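What follows is each chain in one-letter form.
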Amino acid sequence: MSDEIILRVEGLMTQFSTDYGLVKAVDGVSFDLRRGETLGLVGESGCGKSVTNLSIMRLIQSPPGKTVAGKVLYQGRDLLQVSDEEVRVLRGKNISMIFQDPLTSLNPVLTVSLQIMEALQLHHGLKKKEAKAKAIEMLRLIGIPDPERRANDYPHQFSGGMRQRVMIAIALSCDPEILIADEPTTALDVTIQAQILELIKDLSARSSTSVIMITHDLGVVAGICDSVCVMYAGRVVERASVDDLFYDPKHPYTRGLLESIPRLDRAEEYGTVGGKRLYSIPGSPPSLIAMPPCCPFNSRCARAMDICRRAYPPETSLAGRSPRTVSCWLHAKEN
Amino acid sequence: MPDDILLSVRDLKVYFPIDRGVVFKRRVGWVRAVDGIGFDLRKGESLGLVGESGCGKSTTAMTIAQLQKATEGQVLFEGKDLGTLSPAELQRTRTGFQIVFQDPYSSLDPRMRAEDIIAEPLRIFARRGVIAMDDKAIRSETLSLMERCGLSASFAGRYPHEFSGGQRQRIGIARALALRPKLVIADEPVSALDVSIQSQILNLLKDLQKEFDLTFLFIAHDLAVIEYFCSRIAVMYLGHIVETADSATLYKKPLHPYTRALLSAVPLPDPGKERNRHRIILKGDVPSPSVERKSCPFYERCPDAMESCGREAPSLKPAEAGHEVSCFLYKGA
Amino acid sequence: MASRKIKLNSIALVGIIIIAVYVVGIVVSLFWLPCDPVAMDTEHVLEAPALSSGHLLGTDEFGRDILSRIMKGALVSLLISIAATAIGAVLGTLMGIWAGYKGGRWDHWLMRLADVLFSFPSLLLAIFVMSILGEKTVNVVIAIGLVYIPQFARISRGSVLTIKSNEFVRAAKSNGASSGFILFRHLLPNILVPLIVQISLSLSVAILLESSLSFLGLGVQPPAPSWGNMLSGARKVMVIAPWTAVYPGLAIVFLVLGFNLLGDGLRDILDPRMRNVG
Numbered sequence: 001m002s003d004e005i006i007l008r009v010e011g012l013m014t015q016f017s018t019d020y021g022l023v024k025a026v027d028g029v030s031f032d033l034r035r036g037e038t039l040g041l042v043g044e045s046g047c048g049k050s051v052t053n054l055s056i057m058r059l060i061q062s063p064p065g066k067t068v069a070g071k072v073l074y075q076g077r078d079l080l081q082v083s084d085e086e087v088r089v090l091r092g093k094n095i096s097m098i099f100q101d102p103l104t105s106l107n108p109v110l111t112v113s114l115q116i117m118e119a120l121q122l123h124h125g126l127k128k129k130e131a132k133a134k135a136i137e138m139l140r141l142i143g144i145p146d147p148e149r150r151a152n153d154y155p156h157q158f159s160g161g162m163r164q165r166v167m168i169a170i171a172l173s174c175d176p177e178i179l180i181a182d183e184p185t186t187a188l189d190v191t192i193q194a195q196i197l198e199l200i201k202d203l204s205a206r207s208s209t210s211v212i213m214i215t216h217d218l219g220v221v222a223g224i225c226d227s228v229c230v231m232y233a234g235r236v237v238e239r240a241s242v243d244d245l246f247y248d249p250k251h252p253y254t255r256g257l258l259e260s261i262p263r264l265d266r267a268e269e270y271g272t273v274g275g276k277r278l279y280s281i282p283g284s285p286p287s288l289i290a291m292p293p294c295c296p297f298n299s300r301c302a303r304a305m306d307i308c309r310r311a312y313p314p315e316t317s318l319a320g321r322s323p324r325t326v327s328c329w330l331h332a333k334e335n
Numbered sequence: 336m337p338d339d340i341l342l343s344v345r346d347l348k349v350y351f352p353i354d355r356g357v358v359f360k361r362r363v364g365w366v367r368a369v370d371g372i373g374f375d376l377r378k379g380e381s382l383g384l385v386g387e388s389g390c391g392k393s394t395t396a397m398t399i400a401q402l403q404k405a406t407e408g409q410v411l412f413e414g415k416d417l418g419t420l421s422p423a424e425l426q427r428t429r430t431g432f433q434i435v436f437q438d439p440y441s442s443l444d445p446r447m448r449a450e451d452i453i454a455e456p457l458r459i460f461a462r463r464g465v466i467a468m469d470d471k472a473i474r475s476e477t478l479s480l481m482e483r484c485g486l487s488a489s490f491a492g493r494y495p496h497e498f499s500g501g502q503r504q505r506i507g508i509a510r511a512l513a514l515r516p517k518l519v520i521a522d523e524p525v526s527a528l529d530v531s532i533q534s535q536i537l538n539l540l541k542d543l544q545k546e547f548d549l550t551f552l553f554i555a556h557d558l559a560v561i562e563y564f565c566s567r568i569a570v571m572y573l574g575h576i577v578e579t580a581d582s583a584t585l586y587k588k589p590l591h592p593y594t595r596a597l598l599s600a601v602p603l604p605d606p607g608k609e610r611n612r613h614r615i616i617l618k619g620d621v622p623s624p625s626v627e628r629k630s631c632p633f634y635e636r637c638p639d640a641m642e643s644c645g646r647e648a649p650s651l652k653p654a655e656a657g658h659e660v661s662c663f664l665y666k667g668a
Numbered sequence: 669m670a671s672r673k674i675k676l677n678s679i680a681l682v683g684i685i686i687i688a689v690y691v692v693g694i695v696v697s698l699f700w701l702p703c704d705p706v707a708m709d710t711e712h713v714l715e716a717p718a719l720s721s722g723h724l725l726g727t728d729e730f731g732r733d734i735l736s737r738i739m740k741g742a743l744v745s746l747l748i749s750i751a752a753t754a755i756g757a758v759l760g761t762l763m764g765i766w767a768g769y770k771g772g773r774w775d776h777w778l779m780r781l782a783d784v785l786f787s788f789p790s791l792l793l794a795i796f797v798m799s800i801l802g803e804k805t806v807n808v809v810i811a812i813g814l815v816y817i818p819q820f821a822r823i824s825r826g827s828v829l830t831i832k833s834n835e836f837v838r839a840a841k842s843n844g845a846s847s848g849f850i851l852f853r854h855l856l857p858n859i860l861v862p863l864i865v866q867i868s869l870s871l872s873v874a875i876l877l878e879s880s881l882s883f884l885g886l887g888v889q890p891p892a893p894s895w896g897n898m899l900s901g902a903r904k905v906m907v908i909a910p911w912t913a914v915y916p917g918l919a920i921v922f923l924v925l926g927f928n929l930l931g932d933g934l935r936d937i938l939d940p941r942m943r944n945v946g
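Chains as they are written, first to last, in this note's numbering: chain A, 1 to 335; chain B, 336 to 668; chain C, 669 to 946.
Chain A extracted, bound-state conformation (with noise of 0.2 Å):
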């Protein structure tokens, strides 16, 4: 992992207007991206990680969806305010994204190395055999066994597991920057899913590609991130490097989230083994429309205090040997 910064988000506003009201669904996110980095964006449904992925390559639906602010800047470019056109050449070519369905989305009517290939002749102008030889190769490559033959199969004829392998064949196929994976390996079953993210950790260390995991499993946020973002109702709570997150946690929500998860590595501690209970954080994720403009994690916070309720609270950089922002009152610095 180089110190190059090869994708800055600044600021990311996205919002939806609803039948209920206006949604602030990304209320402001910041992070950079390090050249062969993987970051993993983690929180519960509704924290905007999800939303944050799709502003940031103009995926979101026009009504009722708008970025309304922040930048996304790339190759000296900000990717919000270049055209159409540009956006969608650098889309599959320079940063692929993969989803977590990959029944849906794939297409079920073309077959696995014509889909491989159609990403390969749009953006690196292969012509047809060429194209065929190289999705053979990469299905070779993502351990799908005989993969001439499989090569003419269609999506509903693979596993789930392997579906999602060629989910990821086809986001890698064009040597892309950045790889951004939503939720790729939630539909999956554990062993699946511990043979998914060798995948992605092999092939993206092979290429120096910067991956961008979102999801809201932390253990593999532990396996397989570089550095971690912490999300919680459109914000960034926390920004640290993984042993940083894991071994220190600044943000009550990281903390809280840590001790609440059953884990196997402290069964002897918990539960019907050793007897104690899990944390639980009280409340329930607050709800996205009419937000007061202080702390979202306030009413659930056991060291809520009085300025929390009052107003948000800044982002504050720690020391560190990597660098990390918690964006937590009791943190705060006088600036």
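No lab work stands behind these hints, which were simulated from the structure alone. Since this is a predicted model, take the numbers as computed values, not measurements. One or more hints might be untrue.
Cβ pair distances, simulated, as ranges [unchecked claim]:
(1) A:Val-68 - B:Asp-469: 54 to 62 Å
(2) A:Thr-104 - B:Gly-356: 25 to 33 Å
(3) B:His-496 - C:Pro-910: 52 to 60 Å
(4) B:Asp-416 - C:Leu-851: 47 to 55 Å
(5) B:Asp-416 - A:Glu-269: 35 to 43 Å
(6) C:Leu-938 - A:Val-89: 37 to 45 Å
(7) A:Glu-269 - C:Leu-851: 44 to 52 Å
(8) A:Ala-290 - B:Ala-423: 52 to 60 Å
(9) B:Met-641 - A:Thr-186: 30 to 38 Å
Stretch-level coverage of chain B by chain C, calculated; a stretch enters the list once three of its residues show a Cβ under 8 Å from a Cβ in chain C [as the list claims (entries may be wrong)]:
(10) 372 to 381
(11) 442 to 451
Beta carbons: idealized from backbone N, C-alpha and C, even for Gly.
Following the hints, position chains B and C against chain A.
Only chains B and C this time, still in chain A's reference frame:
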């Protein structure tokens, strides 16, 4: 059968027919969702059925709950074979076992108010004369159940879409407890919930277990959740139980190669441990449950497979006290 | 459900207004008509519409007042389409619910029967039924109703299958509910939405079918007025007296439009109710 065994499953098989044809259909095969399983559940225990998709755990739960017909085998509740009961007797026996469902969004009728959803089982059986409760008693019981499950009684008149996922699940739990069952079958009760809500519901279930003296059959695919909640665990693969043990033993000394692979695949929220992890990566995918096989169901993917494993299937035998495994690697199987 | 505020969007509103105009006209026609709709007046044949003559929309080839005939015909058309839709909806829905809930062989054979009915073009099927049963008005109702059965069967079966897969159906069963209880308390209320939309749209098509049948001489027999047979009679004189075709035609068009708009609007209002936000 000894007194303290609440539920006994014997050689349960559930096969789904595969039919082909547009106008006239013919049977071309069977999906062997559950292929011969058996276990006993003692009063006060919480037994976890864990496995990946297609292993048959949900089908087992639905069959035990009498929502799905068994192809072969017996389900004995309090000594009575549920398959031999008349429809009227079965209805009455249902008060003894209830279900908590997985999906908080589809397990509640969107057109009914919360209190009506919870009261429905009481109303059905009161009308039949099985329980003696009038409308007032039902109402007060419903409200008290709501409070006990962490929902304010003032929400009684609201509709499901006005509640969050976690709150809906609480309604489902209150409904399951309305008839004061002895056995609660929990089919993936926290899988569809956000991480920060999961521990709330798990702790609620634990408290309710103590307060209402409940026995649990807990189905999940998340090993860590099962480990936390259950006292005993049965691991399923392709319609078979491959290993049964106490939670502590299963985690410390897993015997079956599949159990070991499963445990090694679970990601731990600890970067240091993850970096040094030696994962047993299984090759290939789960095979189809419609193929009839004479071999061990795990044969094609087992890293420790021997020749004998391909020729015949092992059965569940005790390896040590309270720890059973279905594998030729262990003597006695 | 009752506490939810219903947002009437403009589409449904326009539809309702149009239909309301017709209903008012029909109610009025029960007590008063500008002229006798079957009274022939050979001295005033094919008169153009004029306020002074007392024939607001003109007269037809027999000197009969077109406006009165349209008003009288409206009642017939509406009654026939409501009755036929009711038959189709009730029988079709019962068939579909049974097929969807029971599954297996019931589902298979009931749906094949529906497929057979469905494969006939609706007008041809209606003509066929009429030719067997005879030309009485009540047979028009039966014919059109028959045409609708497969449509309602398919929609209700599809809805039942979707609802059946929801876990609250299993929950009801585990709570001791009988099949009948589940069907009436849980399934029926939840499939009402697509059914209501379909009923509204079916009413519009029924009007067209009835008009087509009477145009062909198979429905309401002259001299009793029906929009369809008015159009049929107007065929010969259309060129010289366009009002004889235009006004009955417009009557058909606007009522059909009204039902269509209502159906579309209802679909928009009732569907997004379930969507979660955030």
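Hint check:
1. A:Val-68 - B:Asp-469: 54 to 62 Å: holds (57 Å)
2. A:Thr-104 - B:Gly-356: 25 to 33 Å: Given about 29 Å between the Cβ atoms, the range holds.
3. B:His-496 - C:Pro-910: 52 to 60 Å: holds (54 Å)
4. B:Asp-416 - C:Leu-851: 47 to 55 Å: The hinted range 47 to 55 Å is violated for Asp-416 (chain B) and Leu-851 (chain C), with Cβ atoms some 29 Å apart.
5. B:Asp-416 - A:Glu-269: 35 to 43 Å: holds (41 Å)
6. C:Leu-938 - A:Val-89: 37 to 45 Å: Given range 37 to 45 Å: holds, Cβ gap about 43 Å.
7. A:Glu-269 - C:Leu-851: 44 to 52 Å: holds (50 Å)
8. A:Ala-290 - B:Ala-423: 52 to 60 Å: About 53 Å separates the Cβ atoms of Ala-290 (chain A) and Ala-423 (chain B), which means 52 to 60 Å holds.
9. B:Met-641 - A:Thr-186: 30 to 38 Å: holds (36 Å)
10. 372 to 381: Violated, because only 0 residues of the segment 372 to 381 of chain B bring their Cβ atoms closer than 8 Å to Cβ atoms of chain C.
11. 442 to 451: Since three or more residues must qualify, the claim that chain C covers the segment 442 to 451 of chain B holds, with 5 doing so at under 8 Å.
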